[in-house]
Amino acid sequence: MPSPADGKLAHPYLAALGAAACFSGNIVVGRAMQGLIPPFALTFWRWLLVVAILLPITAPTLWRRRALIRRHWPVLAALGFGSVTLYNGFFYLGVQQSSAINGALITSSIPLLIALCAWFIARDPLSSRQAAAIGLSLLGILTILARGDPAAVLGIEFGAADLWILAACLCWGLYSVLLRYSPPELNGLPFLCLTSLAGVLTTLPVYAWERTTGAVITAGATGIGAIIFLALVPALGAYFLYAKAVLALGPTRAGIFLNLTPVFAIAAAILLLDEVLQGYHLFGVTMIALALGLNARNRK
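Mind the numbering: the sequence shown is residues 1 to 300 in this note's numbering, read in order.
Worth flagging that the hints you see were computed from the coordinates, not collected in a lab.
Incorrect hints may have been included.
Pairwise CB distance ranges, derived in the manner of DEER restraints [to be verified]: (1) ALA122 / ALA221: 44 to 54 Å; (2) THR218 / LEU68: 41 to 51 Å; (3) SER127 / THR212: 45 to 55 Å; (4) LEU204 / ARG70: 18 to 28 Å; (5) SER127 / ARG180: 13 to 23 Å; (6) THR212 / ALA248: 45 to 55 Å; (7) PHE229 / ILE270: 15 to 25 Å; (8) LEU14 / GLY225: 23 to 33 Å; (9) GLY293 / PRO184: 30 to 40 Å; (10) ALA59 / PHE283: 43 to 53 Å.
Heads up, the beta-carbon is just placed ideally off N, CA and C, and yes, glycines get one too.
Between the sequences and the hints, there should be enough to build the whole structure, so can you do that?
Here's what the structure looks like:
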């Protein structure tokens with residue numbers, strides 16, 4: 001823990017902690033909107049608001065780099081599709097039918113799924129320690145998916161909702177690997193604006209289809225408040241705080257704080273949504289925590 005003499009470090013650590021808390025809001029509010037705002041409607045309006053906020057700020061930079069954007073538009077579109085349409089849409093689809101606790105615990109495996117995707121797609125080396133970490137994480141995920149029932153594991157009888165959450169996490173892993181192909185000249189808020197815009201455009205057809213199924217927004221002021229919160233806090237607020245932490249602490253030290261996101265989400269789910277922490281949740285999170293510890297030691 002930093003001492004008072006290390007006051008210059010306190011701010012970045014608080015920023016990293018704040019980013020984790022902000023990210024957790026997406027899990028809890030996404031669950032709370034069950035029956036009020038359909039998954040892809042929530043995705044579309046949340047990120048449309050993000051674009052509306054960012055576009056006036058980033059427009060001069062985007063205009064200056066329009067030639068670069070044209071050259072790399074396929075990659076930017078793929079990144080927006082993966083991070084907005086697939087990750088957010090699948091996650092909301094799952095968490096609205098499952099629980100915020102399950103959503104928090106399954107998404108805590110994302111760092112390990114990124115390593116697995118990087119090995120499978122980009123052939124990044126995978127150490128024996130990372131392989132063991134992925135195995136432990138998989139055991140934890142299977143426990144949560146099966147609700148602690150071994151027969152469900154053997155019979156592959158998992159809830160579809162939790163599988164959607166897992167699919168969302170895999171999409172984020174793919175997105176993270178594809179990031180290495182994005183133009184380095186585009187970063188920060190201009191990059192976030194572009195990928196958000198691409199995500200809004202690729203979400204629109206799915207949102208239109210969702211409406212034809214009879215899934216419509218039934219929330220009034222509550223829904224508007226939720227969309228504003230999701231745009232300002234888990235999107236822009238978390239992005240700003242995390243970027244500040246990475247600049248001051250480096251990606252590895254700042255990234256460790258993201259492991260606290262499920263902790264914040266679970267606490268909020270218990271306090272605000274009256275969800276109950278089960279024994280299988282504790283076993284699953286223990287396996288995932290051990291896996292994250294192995295993965296962190298591998299970076300040293």
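Evaluation of the provided hints:
In this structure the hint that ALA122 and ALA221 lie 44 to 54 Å apart at CB holds, the actual value being about 46 Å. A hinted range of 41 to 51 Å for the beta carbons of THR218 and LEU68 is consistent with their spacing of about 43 Å. SER127 and THR212 have their C-beta atoms about 48 Å apart, which keeps the hinted 45 to 55 Å range intact. Checked against the hint of 18 to 28 Å, the pair LEU204 and ARG70 passes, with Cβ atoms roughly 21 Å apart.
Between SER127 and ARG180 the beta carbons are some 19 Å apart, a value that agrees with the proposed interval 13 to 23 Å. Between THR212 and ALA248 the beta carbons are some 48 Å apart, a value that agrees with the proposed interval 45 to 55 Å. Hint check: PHE229 to ILE270, Cβ distance near 19 Å, so the stated range 15 to 25 Å holds. Separated by about 26 Å at the C-beta atoms, LEU14 and GLY225 satisfy the suggested range of 23 to 33 Å.
Checked against the given bound of 30 to 40 Å, the beta carbons of GLY293 and PRO184, roughly 32 Å apart, stay inside it. A C-beta distance of roughly 50 Å is found between ALA59 and PHE283, which places it inside the suggested range of 43 to 53 Å.
Consistency note: the structure conflicts with none of the earlier hints.
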